[in-house]
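Trainee: Here's the letter readout for the chains.
Number of protein chains: 2
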Amino acid sequence: MTERLVATYHLRADADSIEARAQAIAVEQSVEMPLDAIEDPVILRDIVGEVQGIEQIGDSMFAVRIGLSAATVGDDAGQMLNMLFGNTSLHEDVVLHDVCLPHELGVAFGGPRHGIAGLRARVGVPDRALTCSALKPQGLAPGQLGALAERFARGGIDYIKDDHGLADQAYSRFADRVRACVAGIARATRVTGHPTRYVPSLSGDLDALRRQLTLARELGIDCAMLAPMIAGFAATQALATEFSDMALFAHPSLGGAARIAPALLIGKLFPLVGADAVIFPNYGGRFGYSSQTCRLLADNARMPRDGQRPGLPVPAGGMTLQRVPELLDFYGPDAMLLIGGNLLSARTQLTEATAAFTRAVAAHDYRK
Amino acid sequence: MTERLVATYHLRADADSIEARAQAIAVEQSVEMPLDAIEDPVILRDIVGEVQGIEQIGDSMFAVRIGLSAATVGDDAGQMLNMLFGNTSLHEDVVLHDVCLPHELGVAFGGPRHGIAGLRARVGVPDRALTCSALKPQGLAPGQLGALAERFARGGIDYIKDDHGLADQAYSRFADRVRACVAGIARATRVTGHPTRYVPSLSGDLDALRRQLTLARELGIDCAMLAPMIAGFAATQALATEFSDMALFAHPSLGGAARIAPALLIGKLFPLVGADAVIFPNYGGRFGYSSQTCRLLADNARMPRDGQRPGLPVPAGGMTLQRVPELLDFYGPDAMLLIGGNLLSARTQLTEATAAFTRAVAAHDYRK
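These protein sequence lines map, in sequence, to chains V and Y.
Note that our numbering numbers the first sequence so that position 85 is 85, with each residue one more than the last.
Note that our numbering numbers the second sequence so that position 132 is 132, with each residue one more than the last.
It cannot be assumed that every hint is accurate.
Unchecked claim - Pairwise CB distance ranges, derived in the manner of DEER restraints:
| no. | chain 1 | residue 1 | chain 2 | residue 2 | range |
| --- | --- | --- | --- | --- | --- |
| 1 | Y | S60 | V | G124 | 34 to 44 Å |
| 2 | Y | R173 | V | D93 | 35 to 45 Å |
| 3 | V | S60 | Y | D245 | 30 to 40 Å |
| 4 | V | P304 | Y | P333 | 55 to 65 Å |
Calculated directly from the structure, the hints in this document are not laboratory data.
Cβ atoms here follow ideal geometry from the backbone N, Cα and C, with glycine treated the same way.
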């Protein structure tokens, strides 16, 4: 009963009020009622959140550590988010910065089922960084997406993911698109000999997610992508458990920028509930993540916790071929570089641009 | 193909860059790739997001209206969130402020299945505001929660909801708690004659949510609560459709993490996908929502759209008995007041405090 998650919140407050604010968060994220109206001493001791530390980290900025009862979470990943940040997310001056789980809870969630090693094994790449691109734009018919996948695969790329906007739209049904992409990649693989993997994007409720994964599996696919903040943490957890043969890519859609620290949400929590690879906006691209945030996020994803497999960081978002050496120096080989639009801009030269990307990654010297 | 959702974003920018920023959001939330690499004219015309208006609303603050293809959403509520704010949520200076849906999409989602009228009918209250309290703290055993529910119900309250922290914890299983609360309320109802309703909180993945709702229905319960931002919009939509006899309360947990305006997320989108009642933090309580935000949120929830039923606003969060007259003047009778901690603070006088609450609501003169 007394095991605790330790959540760290960053908040804006003045020195006079920070203790009261910290205590208010501890109550809000646990019993959510006046403590003097609680009669049961066991609840006061074991269930009420506990302020474990307050540290000033800047001008009117504080880091507050609060211990939350693991018993209130059980083994439901959605309930974990609820207890970590449910009501406190409604305060706009508080960020959920980090969390440390009791070992048993980490074990219960299971983490990446394949992780870096499994994603390397799928494409027969033991050491260098992995490569990835994206099928876009949405609006293309299944045959067009399949042809695009073939052209990427002919460039020798490792992974081809759907744009996260691709769902089960009337103009391009999931089943038709997946069949077309599998066929396109198979045609390329017969030429290249490289076992390029297709990562279809999943959408809908848990029934739909299961139907899509089942079809993908029947077609020989062994990877898929979903957005945990849209599908829900509980659905993500269920799929990682039920489809443990499939490697899961987590997309950051709806992940927000400011309220749950990206290094925590994407780097730590997504892998915890079963993501093998985590896609995130790279520094210096279209999004405002700093290089420090990206470093911490990648380190979090790759750090083995509670005996779990390390997850693979997948920087993305406005990346270019020209930046490949810089990014490999920054992330090292245990990463997957995802370049979408910049390859698609090559238009008729897409296969050649893709080949240049895969060559640049293969040729990179990490020791220099 | 050319029907569009019109999303309004508020963002910080200077006048020189706002047009480029608006166009970047239109691309990010649709095709997410360089437009000059798109060959298909139909995609450029029908699928690419369209900047429909830019308005300066403050110092370096702009409102940008963008038309997004309804065809990319289909009829999946999760995919709607993905297309409205998926990647753009990762920009920390952008808020999703509002959205107008094409009529057909509103009809497809279905809105509240019971709405204000259904929630009034359940408790036989045709005109006055409704009353609600919450079972807390978590950590109580099922029998204790049932006894608490009985004491609230003896005070004549209309609705008793679970604290949103109550899940399916080892120390208090959903099935045991729900049975105990139903029994407790039934004992009170035999005395009061008032058909007090119990609103159990649901948690877990779609399978668990269905199991919980099925059990609740077997026990004669006709209301339930879930947090759409944790369960996922698609799961919420599925439950509203499959359990159309149950009135759904939406809890705002995790609703602040993605920077969607509360009047939109809670007031408009939660009812759209099937919430009959929406719980939100009232102004002047523990949370920072302004009275204007609460006004707009309540107006949004109650406004019939696309032939749908009006939803019921449920202000909550640090409310007190003393504020009842003020709140009824503010919200009018089509509202449910939710007072939790303040009643629980009455401890041994809980039933009397609850009765004072219900009397104050019943006696209020809205015409003064």
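Trainee: With reference to the structure, classify each hint as holding or not holding.
Mentor: Hints, one by one, checked against the model:
no.	hint	result
1	Y:S60 - V:G124: 34 to 44 Å	violated (52 Å)
2	Y:R173 - V:D93: 35 to 45 Å	holds (37 Å)
3	V:S60 - Y:D245: 30 to 40 Å	violated (51 Å)
4	V:P304 - Y:P333: 55 to 65 Å	holds (58 Å)
Of the numbered hints given earlier, the model fails hints 1 and 3; all others are met.
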